[in-house]
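> Here is how the chains run, residue by residue.
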Amino acid sequence: MKILAIEDETKVAAALKKGLESEYYEVVLAHTGEEGFFQMNSQVFDLIILDLMLPGRDGFEVLTTLRKRGIETPVLILTALDTVENRVRGLDSGADDYLIKPFAFPELLARIRLLLRRNRSDKALRLKLADLEMDLVTRKVTRGEHPLDITAKEFELLEYLLRHQGHIVSREMLARDLWQVKARSTPLDNVIDVHIARLRRKVDGPFDSKLVKTVRGVGFVLKEDSP
Amino acid sequence: MILKALSVRVRLTLWYVTVLAAIILGFALGIYLFLQTSLLQQIDNHLTRDFATVERAVRQGRPALDALTRNGNVLLFRVEAGEGPAVETEAWRRVGLEEATTTGTNDAVWSSTAVDGQPYRVKAARIDFPVGARMIAVAHDGLTYRQSMRSLTVILLLAIPAALVLAVAGGYFLAGRVLSPLATMAATAREITADRLSERLPVSNPDDEFGRLAMAFNETFLRLEDSFDRLHRFTADASHELRTPLTAIRSVGEVGLQEAGSVSSCREVIGSMLEETDRLTKLVDSLLLLSRADARTVPLNKEKTDLALLATEVSDCLQVLAEEKGQTLSVVAPRPVFVVADRTTLRQALINLLDNAIKYTPANGYIQVAVETSRGGEAIIAVSDDGPGIPAEHRSRIYERFYRVDKGRSREIGGAGLGLSIAQWAVNANNGRLELESRDGKGSTFKIHLPLLQ
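Residue numbers (our numbering), protein chains in the order written: chain A, 1 to 227; chain Z, 1 to 454.
Next comes chain Z alone, as it looks inside the complex (with noise of 0.2 angstroms):
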């Protein structure tokens, strides 16, 4: 929790510092123990030797013996027979180390003991010479090993601590170094506001983690910025839609107020003006229900639902339009094909597709819908005319709010170009899609896909 609270730069250094520190006692205590090894097996290995001297000495009789004593060549050791006095070097009684032989068995004992404070290394074993067995014991003082041990322990005791300030400045200074990119971007990233979208973070190096954040970020930003741009345009086009009929409102109230009428031109203006509020009122329905699907907060009704029934439902309730146009308009829908919808969205969506393909299409045109199955397992109802279709660069913007193929005429015929908008959430919100399949001068077809029903 604590470590949370730092900066990613103290952080790292942290990080950094611990890993290095455990590496370098690790590598002290190495150290330590091999030297404490290798000195220690030093200092047996003339212990060895001496015993060897010594042993000799005993076996070529107690003149060389004594003159071992004297010449120094061993300096501390000791020879017991089982009886008589002991046979030991000057240097040897001087220090005491007589309970050091205090050994009974063949093998060799080694122990350190210390004496007055000074450390003593000793060999100790009985013996079988010919003349009877004898307790021989050497010894050797650990002073150079003690203070080569001490010396090593000094040396680490500085050193550690200075290698680890070094780490933790060398460490911080290089986490400055590398993390600095990320102050550069939260700055630039902080003037980004929604007027100033169109700005993007610089990219030192695009294949590194810093290139990829900051490209990330720009991936960000480019979304946004479309996403403002789409708001402004449909904000524009709304406040202008909204604007013709108040525009027409307002013309015909002030017309009508100026001119003394009679009652009967009375009612038409204000007939005129109702008509568009009415309109407006529905201008106001459609955008407010888009905004309610942006918000996902259309309730829907999910239940099975037979799409050729559907079909043939929506196709009687607009059948009189094309009727009234001399249009054909049949169902293709031989037997129940189910999916799980709602009802009320789905049946708006093929509705204004409907509604749709008996406007587009000249009078004696033919109008189908179709409902069948695809082999992937969907449903589909496919709504096709055989109008003039749609031109290919109006293909991808017809589902924008607002947009209308044909900008001059189309508010005569009738909606706002928020039709196939709202189709398309319809379709979307049931979990389908909605395809156009069209052809200059051939018709178009609209396919709602759904999945079916297992």
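Isolated chain A (complex conformation) (with noise of 0.2 angstroms):
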């Protein structure tokens, strides 16, 4: 999978490039629009990241251009720019997606994942990480042979740490995604905390090996310990 990343500030795109790299993404830097038009004519991208304030070109432009080009490849905006106007502007513009910065990685990565797999389906009716298996039909958990007696709450949570499960979930997601709430004013950091601490109990508590972990700043990640 191959990334091009079209942002000026030089610490910014080395730490997307290095992040990104990390996940086994193959990552081009551009740091101007006009670079950014040289790569996409030398080689073929999966997806392109655009910070919509560069030099010269802006980012707005530069997405226009290369829809006008016949150029498919999904876009990801990465920008400081956060109302209303600007979202809606990128995304009519052409965008697949808008992040504002500052932006928490594990975000970026689930969004990543999200637009490369846009066109596969992902309709699976059961989820399943080592012994612990969700029927999402059925509405039952089970860790091994226990069934699990969660809330509904706590189901919506599992299902969405085990769809992103091996990969990170920042408070933020799971404020937007499950509990609608945008502004990151708001404070439910403590009610997310207080479900993760009870889902932890259900699903790890009496087993041996752990399967919720807290990643200290950033969130939590639902995974095997490695052997």
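In case anyone wonders, no lab produced these hints; they're calculated from the structure.
Distance condition first, Cα-Cα at most 30 angstroms in a straight line; then the derived DSS-like pairs of lysine-lysine:
id : chain 1 : residue 1 : chain 2 : residue 2
1  : A       : LYS182    : Z       : LYS359
2  : Z       : LYS325    : A       : LYS182
3  : Z       : LYS302    : A       : LYS182
4  : A       : LYS213    : Z       : LYS359
5  : A       : LYS11     : A       : LYS101
6  : A       : LYS153    : Z       : LYS325
7  : Z       : LYS302    : A       : LYS153
8  : A       : LYS213    : Z       : LYS325
9  : Z       : LYS304    : A       : LYS153
10 : Z       : LYS304    : A       : LYS182
11 : A       : LYS2      : A       : LYS223
12 : Z       : LYS359    : A       : LYS153
13 : A       : LYS210    : Z       : LYS325
14 : A       : LYS17     : A       : LYS213
15 : Z       : LYS325    : A       : LYS202
16 : Z       : LYS359    : A       : LYS202
Here chain A is said to cover these stretches of chain Z; the calculated rule only asks that three of the stretch's residues, wherever they fall, bring their Cβ under 8 angstroms from a Cβ of chain A:
id : region
17 : 264 to 270
18 : 273 to 285
19 : 312 to 320
20 : 349 to 360
21 : 416 to 430
Partial selection, computed: residues in chain A whose CB lies under 10 angstroms from chain Z:
id : residue
22 : GLU85
23 : ALA104
24 : LYS153
25 : ARG171
26 : GLU172
27 : TRP179
28 : VAL181
29 : SER185
30 : THR186
31 : ASP189
32 : ASN190
33 : ALA197
What you are looking at is a predicted structure, and each value in this text was computed from that prediction instead of being measured.
In this text, a Cβ means the ideal position worked out from N, Cα and C, and glycines have one as well.
Hey, can you piece these two chains together into the complex? The hints should help.
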């Protein structure tokens, strides 16, 4: 999977490259719109990450031009411009997703995964990790032989973690996707922490191998302990 | 348009002079007409007397009439019989006033005529005497009348412009004197800048127009000073709040770098820095929201909203926090209460209020969210707790940005002191108001009042 990141801030660009490469993506950096076009002409990408405030031609222009040229590569906008008008303008210009700076890296990864598999069907009815199993039809959760008694909210939370298993999920993603709260200023972190704690008690409590893990300062991840 | 370009002083003077000129001209015209009428009246009275004298002489007979032509009692007259020569005075003949007598009626005819440029006033009538009808005409020259009128015209033509010139000078001077406080005020106001907002305009007489103007300016300056003060305080508070997590990030990072630690201790350091970053992000987002709220650029999507449903939703969401503290959180919302509001902002307001209630109420406390309607047509969401309450001295300031009741411990518990500011904005943006009822030691109740959907 090849990603082109057009981002003029050197530090952010370097962090993007390093972070994405550690997830086994191949990353090409461009610092201006022109450089981006040059790269697009010389090779084919699976995804483009685009900053809106670029020197010279800005991101909107780059986006409009590349869509005009018939390049259908998914574009994820990464910007500090967070007003609704800018979002709408970005999406209307042909972007596929929009992420506001400062962003949480796990969220960027989640969105990239989503964009890359958009065309593939993802309608699994059973989710599974190690001996943890979740049946989305009967809404039953089992750990090995033991059925787990979990609430509706915990079910949603576990489903979300299972769908992103192996990847970090930030509190911000949870607040937005499970609680439908978009403003970061809304104090929901404690609520999320309590739910995670309860879920952890039920999923991991009596069992030896722990699956729900907290990554300090970032979020949570559902994965098996590496041997 | 041209008038607008002139200064107030010039305009005032012009108005004053225009009005004065109109009055003077009207007055002059009045005097002129009055004098004209009364002088004419005087001549006519004279003529009537002369006419009567001539008439008497005709009645007395020819000798009396002849005597009258000679003695000069009546200087200008002529009596004409149907046939035979007319009797007329020497002066009449000399002046040549014949044509003035051509009248055939018994009514007196008054006329003015001029011979060789000299004006004459003539009264002529046909009188039936026992001896037969006679045409009688008497005349009087209008020289005095004309001279009087001419003198008056000359006087008026000289006096009116002089008066107007005086009026211009006086009016300009007076307007300048009256307007001089304005110049002083303008000069003072010009010197009042953002750094010197405490200065005020001098008020010489608080009851006159200028005094009121100066006081209005001073009130504006007071409000400006107040908002500048708040802005300064806000900037200082905001910098402080931003500096706290920045300091933490920096020192944690520096210390982490010094210690040659293991991978797991590095993870701890980075995690701790990320937590502070998260706090910074939230703070900056809150500030951005408030600054947009101030600029009124937060998009609101107002629609029919059921407050009972909203209250239940928010309570369900925060229920777990209350449970963790052993608190009882109950919702009293027996029936739907509809308002028109932006659900997102209202929800945020309610979350902030309820989050505060849970945070500041001790373990095992009791918190209630009640949705009701008032008799005045208002919908009310009341968030009450049985916590320590808010001390009276803090109550008026709790909505201020960064204001915390308990400065020491509160940052650990959570927010930066922006939650209530945001809640208040959110309620106000939905045409509502946020009120606090609190008694020391007896808990607090925050009430969101919103206009009920009719």
